[in-house]
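Mind docking chain B on chain A? Use the hints.
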Amino acid sequence: DAGVIQSPRHEVTEMGQEVTLRCKPISGHNSLFWYRQTMMRGLELLIYFNNNVPIDDSGMPEDRFSAKMPNASFSTLKIQPSEPRDSAVYFCASKPVGYNEQFFGPGTRLTVL
Amino acid sequence: AQTVTQSQPEMSVQEAETVTLSCTYDTSENNYYLFWYKQPPSRQMILVIRQEAYKQQNATENRFSVNFQKAAKSFSLKISDSQLGDTAMYFCAFMTTQGGSEKLVFGKGTKLTVNP
Chain A
-6 DAGVIQSPRH
4 EVTEMGQEVT
14 LRCKPISGHN
24 SLFWYRQTMM
34 RGLELLIYFN
44 NNVPIDDSGM
54 PEDRFSAKMP
64 NASFSTLKIQ
74 PSEPRDSAVY
84 FCASKPVGYN
94 EQFFGPGTRL
104 TVL
Chain B
-12 AQTVTQSQPE
-2 MSVQEAETVT
8 LSCTYDTSEN
18 NYYLFWYKQP
28 PSRQMILVIR
38 QEAYKQQNAT
48 ENRFSVNFQK
58 AAKSFSLKIS
68 DSQLGDTAMY
78 FCAFMTTQGG
88 SEKLVFGKGT
98 KLTVNP
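Here the protein sequences come in this chain order: A and B.
Our numbering puts the last residue of the first sequence at 106; the count rises by one with no breaks.
Our numbering puts the last residue of the second sequence at 103; the count rises by one with no breaks.
The shape of chain A in the complex, shown without the other chains (with noise of 0.2 Å):
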């Protein structure tokens, strides 16, 4: 079981560049979850799949932001442009259906300068 995968593990960019962070869930997991830890706002979520369909946008800060799933194996998190206030870790997590343990990933900590 090689659990929910994240890459990349660090990313560091500039202001204004586009950043795309990757997640592969466990296999069979029907939902798929995004959150952002800041020291500031803590661990929210920002999106939320279930059958690859975004079921609950309402944590995604602005239209920079976007997500997408387009199977059951890979979703992605994009920010364009970033922005040094989007620097944080961004974890990934799945669980499968009917079940309310939700499985992490590693996280990406991203920083923009």
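Treat the hints as calculated values from the structure; they're not laboratory data.
A quick note: this is a predicted structure, and the numbers were derived from the prediction, not measured.
Worth double-checking, as some hints may not be accurate.
[Stated by the list, open to error] Calculated lysine to aspartate or glutamate pairs in the EDC-like style (CA-CA distance at most 20 Å, straight line):
1) B:95 - A:37
2) B:98 - A:37
3) B:42 - A:94
4) B:95 - B:13
5) A:88 - B:39
6) B:57 - B:39
7) B:65 - B:-3
8) A:71 - A:4
Showing chain B alone in chain A's frame:
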């Protein structure tokens, strides 16, 4: 909206002793789940223990147990026989399945240090 409050930003305990981390939450729902997650310096989020709101019996996982007081909306975590490896951030989290969203709402965390 649901909120989760952890009133202790930092705590410390001596190895082998017992420590209790506090958590309160606010919700108008009757069916929900509560969790404690551990985040060590590696930043990996690890589930420590979970509690279903409909169960009156407090959950226990080895050295970890909870005191779930539904009426008071309180969900504290007790760590017995603390070990150095328990040093981490601990997050209390709430989840409801009502309204179609299964998102976790987290508290701000408690940084626990276990001293040798």
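Hints and how they fare:
1. Annotation: proposed proximity of residue 95 (chain B) to residue 37 (chain A) holds, straight-line Cα distance about 10 Å (limit 20 Å).
2. A hinted pair counts as satisfied when its Cα atoms are at most 20 Å apart, and residue 98 (chain B) with residue 37 (chain A) qualifies at roughly 18 Å.
3. Between residue 42 (chain B) and residue 94 (chain A) the CA atoms are separated by roughly 16 Å; this keeps the pair inside 20 Å, and the hint holds.
4. A C-alpha spacing of about 14 Å is found between residue 95 (chain B) and residue 13 (chain B), which places the hinted pair at or below 20 Å, so the restraint holds.
5. The hinted pair formed by residue 88 (chain A) and residue 39 (chain B) meets the criterion: a straight-line CA distance of about 17 Å does not exceed 20 Å.
6. About 10 Å separates the Cα atoms of residue 57 (chain B) and residue 39 (chain B), which keeps this hinted pair within 20 Å; it holds.
7. Simply put, residue 65 (chain B) and residue -3 (chain B) have alpha-carbon atoms about 15 Å apart, close enough for the 20 Å limit, and the pair holds.
8. At most 20 Å may separate the alpha-carbon atoms for a hinted pair to count; residue 71 (chain A) and residue 4 (chain A) meet this at roughly 13 Å.
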